[in-house]
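Protein sequence lines correspond, in order, to chains A and B.
The first sequence finishes on residue 432 if you use my numbering, and the numbering steps up by one all the way, no holes.
The second sequence finishes on residue 1141 if you use my numbering, and the numbering steps up by one all the way, no holes.
Hints should not be assumed to be uniformly reliable.
With the Cβ distance kept under 8 Å, some of the chain B side facing chain A (calculated, not the full set) [as the list claims (entries may be wrong)]:
1. Q1021
2. N1030
3. V1041
4. P1095
5. V1097
6. R1098
These aren't lab readings, by the way, just hints derived from the structure by calculation.
Where a beta carbon is used, it is the ideal one built from N, C-alpha and C, also for glycine.
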Amino acid sequence: MRVCPTAALRVSNGKAKLISNRCIDCGECYRVCPTHAITVQQDDFSKIFSYKHCIVLIPSVLLGQFLREISHDEVAKAHITLGFTSIIEVEDSVEYLIGKLNTYVDTAEAKPVISSFCPAIVRLVQVKFPSLVDSIALVRPPLDLTASYIKTNLIHEGVPENEIGIFYITPCAAKIVAVRCPEGEEKSEIDGVINMDFIYNRIFREVKHSLPEEGEQRFVSELSPRSCTWALTNGEASCIDGHCLAIDGVWNVIEFLEKVENDEITDIDYLELRACDESCAGGILAPGNRFLTVELIRKNASSVSMLSIIKTSEKVTRYESAISGRTALTPLQPRSMLKLDEDMAKAMLKMKRVNQLMCFLPGIDCGVCGSPSCLSLAEDVAQGNASVSQCVFLQKIMEQNKPDPEHSFRIMKRIWGENRFRKDCDKPIQNK
Amino acid sequence: MHFEYRVQGGDFVRAGQASSQVKKILKQLNVSPSIIKRVVVALYEGEVNIVAHAFQGKIYVDIDTDKIRVVLDDVGPGIPDIDLAMKPGFSTSSPIVREMGFGAGMGLPNIKQNTDKMKIASVVGVGTRLEFEVNLKEWWR
């Protein structure tokens, strides 16, 4: 409840409830949930068999999950065994994107330009920093550019569009939401999303069960070094001209955007902001240790074949002819959730009520009331979504003469559920 | 609604706290982002002025449904020539303050640019009072 950067969680009836228009899909709650009650929905895997051409887009982070004992070739082969017809790297379009982004940043009016790469950050800005929405780069992220490119090429080759299925293996939940209901796009080109932890298990099993074969076609990465590291922290910032900054971790991002919003920071051209610590390597669905993943991806990047470097400019030209004119996002809308009421006069009344309540609430943010902080409870009460009696401290004040413990128990049971009052030696405990 | 904030002269570490607080309040009151931006930019400049030049100060913010009115009162050296201080680029900041990235002489002109009404009164050796207003209903202008 307290890890949520937009205070979107409440506890009631023994369960966590999500205020959905506040949620930015960052997945911080998924990381800490002691009962693993939060699951990330994915598409049915068998969906891949309904397409004749079934392309899987693998991010560099996936290859970074398998330590040295499993080669890229084996990972690729496992994908084919699982039923995909071809494998393309998500970052295939990065070299093309770098050119587009540099032009965009160069001509942008509002500085700093905020990267549109991390979907959780895009939503964070919409929800918490509405005045900065116009600073988000209206350039489609690499995943979408690559998908458009593949689809265009296949259609060009004469493949009917309904026979093409493009699937993406995601290290995070925000990308799934970005595919299902994209911001700044009508519809995503991706046909399905598969969670990285799911595919990780499947690949591991395939690799362990298959015998090493010789002489088969080898999978060779076609990425340039900077494409390989794009999804890591500083991947973007190191490729954009001018004064660029890379910040990872959603709380770090919030701290910095507060300053940007006050106009305290003026001489920065581009902000690469990522919700997860260590960026996509720290995605909630990436099973490997993020630090090892980063190290492995950097190693891979430094050992890419000379061939891929030579091919880079050729690839940029091919992208330009296939998808130029389709690189922009449509303008984004703010989705502010902080307002207490649409009507300012009503909002002011509610704020007065909040300030009044804050005089009585203890300010220790214990969370027993089911709201993440005293301020959240006060706001919930002012909005009519909670009762002051949920605060154990206020119960004492309200029933000055004879506090009734039975009444208190009833309230606590309503918040935390019946079972919290029973002895339970197996209850999930967060080990931190 | 009325809010008050204390500002300590010379404390650059905390400069901007009042602006951040006011920003959060205005967001909760569903004030449009463009107006919030103008108020916050003006207030931040004013807050930094107190930190940079004065010994201490107080900020009073009054919000109603038509406008936001801010008064920044400080105890400090005062401004001998207000017209000169309003000129873009003019600054009396010490080299140390400039080194910290403040004191470019754009503070007061920037406040004027972002507000609908601005008044400054100062007594040398006593202090300065800066008042400004931002209208909330833009279509009235």
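Each hint tested on the structure:
{"no.": "1", "hint": "Q1021", "verdict": "violated, 11 Å"}
{"no.": "2", "hint": "N1030", "verdict": "holds, 4 Å"}
{"no.": "3", "hint": "V1041", "verdict": "holds, 5 Å"}
{"no.": "4", "hint": "P1095", "verdict": "violated, 20 Å"}
{"no.": "5", "hint": "V1097", "verdict": "violated, 15 Å"}
{"no.": "6", "hint": "R1098", "verdict": "violated, 15 Å"}
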